Amino acid sequence: MLDIQKIRADFPILSQKVNGKPLVYFDNGATSQKPQVVIDAIAKYYQEINANIHRGVHTLSQLATDAYEASRMKIQKHINAKYAHEVIFTSGTTHGINAVANGFASLIKEGDEILVSALEHHSNIVPWQMLCERTGATLKVIPMNEAGELIMAEYDKLLSSKTKIVTVNHISNALGTINPIKYMIDKAHEAGAAVLIDGAQATPHLKPDVQQLDCDFYVFSGHKICGPTGVGILYGKEDWLRKLPPYQGGGEMIATVTFEKTTYADLPHKFEAGTPNIADGIVLGTAIDYLNSVGFDAIAKYEHELLQYATEQLSAIEGLKIFGTAKEKTSVISFNIEGIHPYDIGTIIDKLGIAVRTGHHCAQPIMDFYQIPGTIRASFAFYNTKEEIDAMVAAVKKAQMMLS
Amino acid sequence: MTIQEIQNEIIDEFSMFDDWMQRYEYIIDLGKGLPLIDEQYKTDDNIIKGCQSKVWLHAEQQDDKVVFTADSDAILTKGIIAILIRAFSNQKATDILEANTDFIDEIGLKEHLSATRANGLVSMIKQIKMYALAFNAKK
Numbered sequence: 001m002l003d004i005q006k007i008r009a010d011f012p013i014l015s016q017k018v019n020g021k022p023l024v025y026f027d028n029g030a031t032s033q034k035p036q037v038v039i040d041a042i043a044k045y046y047q048e049i050n051a052n053i054h055r056g057v058h059t060l061s062q063l064a065t066d067a068y069e070a071s072r073m074k075i076q077k078h079i080n081a082k083y084a085h086e087v088i089f090t091s092g093t094t095h096g097i098n099a100v101a102n103g104f105a106s107l108i109k110e111g112d113e114i115l116v117s118a119l120e121h122h123s124n125i126v127p128w129q130m131l132c133e134r135t136g137a138t139l140k141v142i143p144m145n146e147a148g149e150l151i152m153a154e155y156d157k158l159l160s161s162k163t164k165i166v167t168v169n170h171i172s173n174a175l176g177t178i179n180p181i182k183y184m185i186d187k188a189h190e191a192g193a194a195v196l197i198d199g200a201q202a203t204p205h206l207k208p209d210v211q212q213l214d215c216d217f218y219v220f221s222g223h224k225i226c227g228p229t230g231v232g233i234l235y236g237k238e239d240w241l242r243k244l245p246p247y248q249g250g251g252e253m254i255a256t257v258t259f260e261k262t263t264y265a266d267l268p269h270k271f272e273a274g275t276p277n278i279a280d281g282i283v284l285g286t287a288i289d290y291l292n293s294v295g296f297d298a299i300a301k302y303e304h305e306l307l308q309y310a311t312e313q314l315s316a317i318e319g320l321k322i323f324g325t326a327k328e329k330t331s332v333i334s335f336n337i338e339g340i341h342p343y344d345i346g347t348i349i350d351k352l353g354i355a356v357r358t359g360h361h362c363a364q365p366i367m368d369f370y371q372i373p374g375t376i377r378a379s380f381a382f383y384n385t386k387e388e389i390d391a392m393v394a395a396v397k398k399a400q401m402m403l404s
Numbered sequence: 001m002t003i004q005e006i007q008n009e010i011i012d013e014f015s016m017f018d019d020w021m022q023r024y025e026y027i028i029d030l031g032k033g034l035p036l037i038d039e040q041y042k043t044d045d046n047i048i049k050g051c052q053s054k055v056w057l058h059a060e061q062q063d064d065k066v067v068f069t070a071d072s073d074a075i076l077t078k079g080i081i082a083i084l085i086r087a088f089s090n091q092k093a094t095d096i097l098e099a100n101t102d103f104i105d106e107i108g109l110k111e112h113l114s115a116t117r118a119n120g121l122v123s124m125i126k127q128i129k130m131y132a133l134a135f136n137a138k139k
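Protein chains in written order, with full-length UniProt numbering: chain S, 1 to 404; chain G, 1 to 139.
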């Protein structure tokens, strides 16, 4: 059992008022709020050990380096990677996907195929489209059904010896669908394809085990898991990371440089050109510690209760339709009210202190599938409450009254 | 009436409201009275980029005035564009170009629409001025 009031006290922003009303923060899919330990750790880094890492012989540089590498190992343990050097610090999920997509440019040729799913965020579509444009490879899309689930029978048919990489999210940001990635990874490997999992929406809710999943790449963002913005992780199997050329050139990623030839540094530094985001990289470890202290089993159980409660309460509103009704889904509800634009609802309920996302959620193909301009998306975190859901339901009803 | 006079009139109307709800209800009402764009002009070319909802804006010259019509799939957006059209439609292109848009702040619209939404508002004003510029150049 989670002590929600105690947890809420860890997040100073949650006690704020917005537009004169208590803040109800249901935009966790976009970014999570930060506990005091994370906020303090950022200040502590700059107050006590700020120095550039991996090169100075002085004490501060060593302290900062140790803290940065300790965070890497913490993350390695968290996702159960085999080696710490398989954990690459990035600026976020988008950076991780782009690094892999760029790396594949040298391994892909005309006639090859890349499989993406119909449920992807634009950041897991566009880098692959760009790769296809550069190489002449073809992008194929794994279709979804009305419930927002990927159709595995179609996926099986799309896989072939032409498939070089399958790229799919662990959990859909727009609908909350949990994809059967273990099945998809195994099937892709049988076909000889690599697999990248976009874990941006999964890592706030569960602890991925990359060895058990056997995925080739797993990417996620720090800011969605109670950590700072501007830092994220690219996990890659050692063999793959060695095979891929570096994404960016610069300091830190080299072994030797002459004007004739540069040799690259070993992993993980090969993919970490330039001075990294040291402070936020260290604090990402603090955020992961915090989440583990709350406990992912308890988080999953509680968020599921919130999802069920909100689904029941919202469904009782006349004319309300929920998009994304997958059997396996996380605490995300995308909905619309008949005859009312999501933007109108979002704007009115914001005045009532309710923060939700409206629009296409950077997943326009999904909106096109349902032939809607967008949805209202409420995404819950472990620090949300049923009372907050009641406040949202009341606000939505009020907006509906004003707007119809 | 001049653009400035109309803007003052709008500011007066909005000053009567005590709270955001009344203000928004009024915007919704104004949206219902928007001079609607003719279906033939509801094309992708006439969509204003930068708004979360779809906004179509059309302009034509009648005598020496520019006349605007519009539509949106969101009612609050319709209300906002109705306010802009009331201020700028049926005016000379040069006057539209010279007009300032401070009244948006004064009726509390910009303050109440977040940056991403305000971008939509900024895009609408920009598009209105672009039309005026185009008609002005044709003279």
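Quick caveat, the hints were computed from the structure, so don't treat them as lab data.
Fair warning: this is a prediction, and the values are worked out from it, not measured in the lab.
Beta carbons: idealized from backbone N, C-alpha and C, even for Gly.
Certain hints may be false.
With a cut-off of at most 25 Å between alpha-carbon atoms, the simulated DSS-like pairs for lysine-lysine come out as follows [as the list claims (entries may be wrong)]:
id, chain 1, residue 1, chain 2, residue 2
1, G, Lys54, S, Lys397
2, S, Lys398, G, Lys126
3, G, Lys54, S, Lys321
4, S, Lys398, G, Lys32
5, S, Lys397, G, Lys129
6, G, Lys129, G, Lys49
7, S, Lys162, S, Lys237
8, S, Lys261, S, Lys301
9, G, Lys54, S, Lys351
10, S, Lys386, S, Lys398
11, G, Lys126, G, Lys49
To list a few chain S residues with every Cβ distance to chain G over 10 Å, as calculated [unchecked claim]:
id, residue
12, Lys44
13, Thr135
14, Met152
15, Arg242
16, Ser293
17, His341
18, Thr347
19, Glu387
20, Asp390
21, Val393
22, Leu403
These are the hints, each one checked on the structure:
1. G:Lys54 x S:Lys397: Holds, because 24 Å separates the two Cα atoms, which is no more than 25 Å.
2. S:Lys398 x G:Lys126: Between S:Lys398 and G:Lys126 the Cα gap is close to 33 Å, so the pair fails against 25 Å, i.e. violated.
3. G:Lys54 x S:Lys321: 21 Å, holds
4. S:Lys398 x G:Lys32: 19 Å, holds
5. S:Lys397 x G:Lys129: Violated. S:Lys397 to G:Lys129 sits at ~38 Å, over the 25 Å cutoff.
6. G:Lys129 x G:Lys49: Since the Cα atoms of G:Lys129 and G:Lys49 sit roughly 15 Å apart, the hinted pair holds (cutoff 25 Å).
7. S:Lys162 x S:Lys237: Measuring from Cα to Cα gives roughly 22 Å; hence the hint holds.
8. S:Lys261 x S:Lys301: The given pair, whose Cα atoms are some 55 Å apart, is violated under the 25 Å limit.
9. G:Lys54 x S:Lys351: 22 Å, holds
10. S:Lys386 x S:Lys398: Distance ~18 Å between S:Lys386 and S:Lys398 Cα, so the pair holds.
11. G:Lys126 x G:Lys49: Answer holds: G:Lys126 to G:Lys49 is near 11 Å, not above 25 Å.
12. Lys44: 31 Å, holds
13. Thr135: 31 Å, holds
14. Met152: 34 Å, holds
15. Arg242: Nearest chain G Cβ is 42 Å from S:Arg242, so the label holds.
16. Ser293: Answer for S:Ser293: holds, closest chain G Cβ roughly 34 Å.
17. His341: 4 Å, violated
18. Thr347: 6 Å, violated
19. Glu387: 23 Å, holds
20. Asp390: Holds, because the least Cβ-Cβ distance between S:Asp390 and chain G comes to about 20 Å, which exceeds 10 Å.
21. Val393: For S:Val393, whose nearest Cβ neighbour in chain G is about 18 Å away, the distance exceeds 10 Å, so it holds.
22. Leu403: 6 Å, violated
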